[in-house]
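Chemist: Since chain A is already given, all that's left is putting chains B, C and D on it; use the hints.
Number of protein chains: 4
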Amino acid sequence: MSAPKYSFKNDYSELIHPQVLKALSAAGNTQFDGYGLDKYSISAGELIKAKINKPSADVHFISGGTQANLVAISSVLRPHEAVIACESGHIFVHEAGAIEATGHKICTAKGADGKLSVSDIESVVNIHTDEHMVKPRLVFISQSTEVGSVYKKAELTAISEYCRKNKLYLYLDGARLGSGLNSGVCDLTYGDIADLADIFYIGGTKNGALFGEAIVICRDELKADFRYHLKQKGALIAKGASIGLQFEALFENGLYDELAKHANNMALKLANGIKALGYGFLNEAETNQIFPIFPTQTAEKLHNLYDFYDWQKTGGMTAVRLVTSWAAPENAVDEFVSDLNYYKEANRCQYL
Amino acid sequence: MSAPKYSFKNDYSELIHPQVLKALSAAGNTQFDGYGLDKYSISAGELIKAKINKPSADVHFISGGTQANLVAISSVLRPHEAVIACESGHIFVHEAGAIEATGHKICTAKGADGKLSVSDIESVVNIHTDEHMVKPRLVFISQSTEVGSVYKKAELTAISEYCRKNKLYLYLDGARLGSGLNSGVCDLTYGDIADLADIFYIGGTKNGALFGEAIVICRDELKADFRYHLKQKGALIAKGASIGLQFEALFENGLYDELAKHANNMALKLANGIKALGYGFLNEAETNQIFPIFPTQTAEKLHNLYDFYDWQKTGGMTAVRLVTSWAAPENAVDEFVSDLNYYKEANRCQYL
Amino acid sequence: MSAPKYSFKNDYSELIHPQVLKALSAAGNTQFDGYGLDKYSISAGELIKAKINKPSADVHFISGGTQANLVAISSVLRPHEAVIACESGHIFVHEAGAIEATGHKICTAKGADGKLSVSDIESVVNIHTDEHMVKPRLVFISQSTEVGSVYKKAELTAISEYCRKNKLYLYLDGARLGSGLNSGVCDLTYGDIADLADIFYIGGTKNGALFGEAIVICRDELKADFRYHLKQKGALIAKGASIGLQFEALFENGLYDELAKHANNMALKLANGIKALGYGFLNEAETNQIFPIFPTQTAEKLHNLYDFYDWQKTGGMTAVRLVTSWAAPENAVDEFVSDLNYYKEANRCQYL
Amino acid sequence: MSAPKYSFKNDYSELIHPQVLKALSAAGNTQFDGYGLDKYSISAGELIKAKINKPSADVHFISGGTQANLVAISSVLRPHEAVIACESGHIFVHEAGAIEATGHKICTAKGADGKLSVSDIESVVNIHTDEHMVKPRLVFISQSTEVGSVYKKAELTAISEYCRKNKLYLYLDGARLGSGLNSGVCDLTYGDIADLADIFYIGGTKNGALFGEAIVICRDELKADFRYHLKQKGALIAKGASIGLQFEALFENGLYDELAKHANNMALKLANGIKALGYGFLNEAETNQIFPIFPTQTAEKLHNLYDFYDWQKTGGMTAVRLVTSWAAPENAVDEFVSDLNYYKEANRCQYL
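Protein chains in written order, with the working numbering: chain A, 20 to 371; chain B, 20 to 371; chain C, 20 to 371; chain D, 20 to 371.
Among these hints, one or two may not hold up.
Repeated chains share a single entry, so a pair holds when one copy, or any two copies, can fit it.
[Unchecked claim] Derived DSSO-like pairs: lysine-lysine, alpha-carbon spacing no greater than 30 Å straight-line:
id	residue 1	residue 2
1	K41	K24
2	K320	K58
3	K129	K332
4	K294	K320
5	K186	K332
6	K184	K242
7	K184	K332
8	K58	K24
9	K70	K288
Hint data in this document are derived by calculation from the structure and do not stem from the laboratory.
Excised from the complex, chain A in its bound form (with noise of 0.2 Å):
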């Protein structure tokens, strides 16, 4: 089999930006101090507590975002507390038990489009009502979400109202931070995240960094000792200059932002050119995963050309997930949609 023309599959497949690049070789053989204690990290967090409108914020660079989601949580509850979290949330599925490995257990709702609203939080909340059920502490949510589908701000700040009346932290999981609030869609802000969650984090690896994102702590009381919680998990590592290098490339001149919009806006033109040769969706294409449903034997014919994971199957047809990079290049995306027209036109001519 030859190999693809390019691949969809994710945003995590080219390597690193050149301007992230340039700031890792730009700092030569200076030494600097071990553990996230240098002067890159230092000037990221700031840049980044500059973005976010909140001086007083603390920001802490680490490898991945498993990880991330892992001892951001641990650190926040206590043993016989749970997380609450969509049914398609990404620690509920795709972490291979890493938050339970830590003790915890995870209450989902339904959800609707990858999100939870407050009446599905307030469901798993009301039926948790003495000690022989978890008690229910923090509320896991991810922007932009599993399904590609965004928060706005009046959703968000409804839930942020309820967890705060309700004794629940409210953390984010921002792997694709960038592409969410970059969506066309989005009405929310760094700052207004910042506000309304007590805890998140900003991804790097799926925007242009080689590695690394960077968990922010808002609420007070969540910060003491947080340095602790990340040694005693590995993810402290003792090079944090090497992250910290990144993001301070990524949020100086705007180049996180950028490198989003770039790949939403891949998908974007994906999804409208898909969408005029009559395709339809799982959901509405907002930020840089996109869902179209094609025939099944059309799906087939596209897999001998790109890379992309099928999603759901039912009846003939497949619904597919197509992921941008924040390097798409825009003649895949073109390409793509060319090569199916070709099949749509190769498979009605079949019938004529």
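Modeler: This is chains B, C and D only, laid out in the frame that chain A set:
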């Protein structure tokens, strides 16, 4: 306070070796598979298996040393099983309870010069007689050790044989494996390590990589499902290629050993210079960590010029730790000795 | 408010059966060995092994059901392995996250009537395909179930066969095993349970004992070091004889089955009486828990006279849970039916 | 081998004191509330709160000592926090890693005579300086200790004050609290314990109960959600009344102290008898555990007549542990001394 001339605090103060950086640069925007299934990681794994002369080994790349220790050890043990380590062992002292956080006790023996002997191990085994106590199941050692010493072939062979006779797994922390195996006093090869230990890791962070370590599993029964453990502990990073690429660069042309040798040579030169001035040492200088003993006032003066850690203080004397890295410039070593000589002279004059 | 005539809330409201109490009294001040190594525990173990027709089984006595579940399950699983249970399973709903606290996720299937089918189990297995998800390894069922239903021989055999083909362990929570196996609709024997499950427990607390459960390990590979797990989880009580003595009394003259039959008979009588008055049920009354459905105002009136739990409310109707214990007096059952009849009549008259 | 005359192995060899048994018998088939919410548990809690002169305390009844330790300690600590204990501490040596299994490291100090001093505690605190190490947060002591010694009021006050100044919680394992407080050399009251410790437990298992311990929480901030912790660790037994009843019997007429005094008196008599025959001791006999030193051949002969544990062997001498229980008959003590005298005489004659 003015900036120090140089830091001998550790061997992770410099970011990345130019050849490793070049490998990252060369990748460009080629797409690769996620989670360590990319061609770079596969190739790096092959290079390591060739180096250790163990084609059947499994190699996994992760981001840091504490993480390597906690994932590897927790993957091996059942809940009631425990680790045997030296009192100075990194996992016992300096990993914020990372092993205990996975549920396992560390039973210590005093050891000597940072090393465990068979009789140390035996003394721990012998007192654990029934189910009211934990069951020791894994022996943790490091090469080179926390105090820069190295296990010789006879020592490691004896430990390995004892372990196999007594159903103990042998785990070797190789954060400084390059430095250890390239020590002038070490008669062990990479192949010996793979033969004698059941599972170990090769450190990249402290020997030229931006970040990353390679876990090597030699014993078949420990291989199953290891990627699940990596994922669950947040250690399976999305862009595994970012580490694979680096280890490929480190192992394809002998760079790894070359860098370790440089670090050791600089330490030896430093030790010899200090010794020539009449100072004693806590232990023999065998690798890239040395522990000279200075009058406390001399140590304090040196602190004005150089960064390093004080290790022990007794009766007016201070043993300090000086670490030389793969990037340590020879002139920094020369200047340290020269400055030391100056203080010595000055001190002597003072009493004339 | 005056005291209720009787409580149908559960089957652990009465302290201890006189014959079991007599066994405790008879021990006097004889000295016995600690930690379950006493002659009473050994004799009780032999009685149970004879009862289940499995001389090779290991039997351990512990103080409670949640403890039995958490020790047994955590002793079997490696860190990344998970449990499959019914959504209504006790470990999933009513043990305060005890299993997750040992590090393991519980994957649920909806099930029917409190029971899992092979296809329920298969549906969970089939979606867990790689290391980004947990690895299901143990199936948790209970006999009788949380809603009083029982597995029949064909059902349990099918589950057991599926498990053995798919490398899943089968664990059976027998908090109410007596009630389950003595159900009129159950065609399983104690021996069948021991043949089909790999590990299970026989509940004493809910069937005449002061406290205590017997864990039975049938599968050889699960036996090793089990006492270490008991000790580590605080389940190896110093005076193990206190439980051994009770199980000896329960199993030496058929008392265990006799008590379970009484509980079932009382439930059946209660169910028949309620049915005769024209009320429906959530499910068939098979053991000592029944779930009649009353008009909510009737249920409220009954609450003035009896203690019991409301189970579900919908549209003016309330399904309640009535539990009859080994000590339930027949006249309490008769009076309940009579009082129900009175309310029904009163209610009818009201509308005449 | 014929049965030994008597066992001095421990203080949990006899089942239950007649008055406690009577309390269980008296309950008959009265129905009571589950999970420790019954009137017996409430009444027993009141008796204990009166005894310790602390009406604001919370009292919880559970089944065993290891369980008490692991639930209490894990409820107090955040993941990175650690325990400080004496090297001989039960949780460090003889609980199969129960504390580590909840994720927490135990940091030890050598101590003296089974006890920690303020300077022992301080030495541990002082070396834990940053996030690369665990953070000591709770001090574990026991009264009486593993070697039968007792803390005096001045010692415990000093520890308590140090803890409060240094944000350390003080936890006291009172498996043998009765024996400790009723020691002739102890000047502490139950009220003192409640004033000086933040959380402790009163042991029933080793002082007349069939089983059961009472956890007492004195510090307000440690009370919240404690029943969740009990449930999650399998410690909230369904028939909580079974323990409440026993503690009611133990505390309503001074039985608890009476039994402890008897145990101590028997130990003292035994120690005096042994001392009178010229034998030395490992430490002072203060409670119901004594550690006389015999020639090894004498110890071996005594093993033919009595059960007890050898504690230490050095140079032909064996220190043994003799424990007297609440039920120890005086004649067993007398006979032991008489048999010892006989062996001594015989031995002497042998050399005449």
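Chemist: A separate judgement is required for each hint: does it hold in the structure or not?
Modeler: For each hint, the structure was consulted:
1. K41 with K24: Intra 28 Å, inter 26 Å, cutoff 30 Å: intra and inter.
2. K320 with K58: Only across copies: K320 and K58 sit 25 Å apart there, 51 Å inside one copy, limit 30 Å.
3. K129 with K332: Result: close both inside a copy and across copies, 20 Å intra and 21 Å inter.
4. K294 with K320: Within. Shortest intra-copy distance 18 Å satisfies the 30 Å Cα cut-off; inter-copy 61 Å does not.
5. K186 with K332: between (40 Å within a copy, 28 Å between copies)
6. K184 with K242: both (21 Å within a copy, 22 Å between copies)
7. K184 with K332: Classified as between: cross-chain Cα gap 27 Å, same-chain 41 Å, threshold 30 Å.
8. K58 with K24: For K58 and K24, the Cα distance is within 30 Å only across copies (17 Å; inside one copy 42 Å).
9. K70 with K288: Classified as within; 28 Å inside a copy, 48 Å across copies.
Violated hints for the displayed structure: none, as all numbered hints are satisfied.
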